[in-house]
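A.B. asks: With chain A fixed as given, assemble chain B onto it according to the hints.
There are 2 protein chains.
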Amino acid sequence: MPTQLEMAMDTMVRTFHRYTCKEGDRFKLSKGELKMLLQRELTDFLSCQKDPHLVDKIMQDLDANKDNEVDFNEFVVMVAALTVACNDYFVEQLKKKGK
Amino acid sequence: MPTQLEMAMDTMVRTFHRYTCKEGDRFKLSKGELKMLLQRELTDFLSCQKDPHLVDKIMQDLDANKDNEVDFNEFVVMVAALTVACNDYFVEQLKKKGK
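Taken in sequence, the protein lines are chains A and B.
With the numbering used here, letter number 22 in the first sequence gets 22, and the count goes up by one each step, no holes.
With the numbering used here, letter number 63 in the second sequence gets 63, and the count goes up by one each step, no holes.
Be aware that a few hints might be false.
Because identical chains cannot be distinguished in the list, a pair is counted as satisfied if it fits within a single copy or across any two copies.
As the list claims (entries may be wrong) - BS3-like mimics (lysine-lysine), calculated; alpha carbons at most 25 Å apart, straight line: (1) Lys22 with Lys35; (2) Lys95 with Lys31; (3) Lys35 with Lys96; (4) Lys97 with Lys28; (5) Lys97 with Lys22; (6) Lys96 with Lys66; (7) Lys22 with Lys96; (8) Lys66 with Lys35; (9) Lys57 with Lys95.
Honestly, the hints are just simulated from the structure, not real lab data.
Chain A extracted, bound-state conformation:
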């Protein structure tokens, strides 16, 4: 039986592939697929962002090899960066509580 951490890793793989198969290269996210993934899977994160060019900016930042698509390595870097931000918030709350 997989652990929660193993299931979390599996979720990252499966979420990515649920969106890459919609158009173009089936192992990479196009800009449209990335936008759909962000809107549906990172709803809370996007909902507090007001910048209409946010998806373009994220795509530019992530697309390390400049092929205008996001491969799995680039996607995991994004999830890791967001998780570090979540952790910073979590630690801040813990410290406030003085636990």
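C.D. replies: Chain B only, in chain A's frame:
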């Protein structure tokens, strides 16, 4: 209601902090804590490894700032690297199936 991807990010944060609080710096993993986390949370990954120095090697690789502890950023890099390996395997299986 959080999405599966948001819950996966939450799992990474909570798993890390479940082990950091056991000894030493409560926001970083000592070598003992890292070993316990790997054995309990990445069981399948460790079970196929026969190298008795594996935890030492992982600690050396992860501990970018050489303080003999693993902070959250270093931990996320490890999880990301393992997830990329899982994805490579997943893609290989998909290609074999010719889907």
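A.B. asks: For each hint, tell me whether it holds in the structure or not.
C.D. replies: Outcome of the hint check:
1. Lys22 with Lys35: So lysine 22 and lysine 35 pass the 25 Å test inside one copy only (12 Å; across, 40 Å).
2. Lys95 with Lys31: Close across copies (24 Å), not inside one copy (39 Å); limit 25 Å.
3. Lys35 with Lys96: neither (35 Å within a copy, 29 Å between copies)
4. Lys97 with Lys28: Close across copies (18 Å), not inside one copy (42 Å); limit 25 Å.
5. Lys97 with Lys22: For lysine 97 and lysine 22, the Cα distance is within 25 Å only across copies (19 Å; inside one copy 45 Å).
6. Lys96 with Lys66: neither (42 Å within a copy, 28 Å between copies)
7. Lys22 with Lys96: Cα proximity of lysine 22 and lysine 96: across copies only (20 Å, versus 44 Å in one copy).
8. Lys66 with Lys35: Within one copy, since 17 Å is at most 25 Å while 38 Å is not.
9. Lys57 with Lys95: neither (33 Å within a copy, 32 Å between copies)
Violated hints, in rising order: 3, 6, 9; the structure is consistent with all others.
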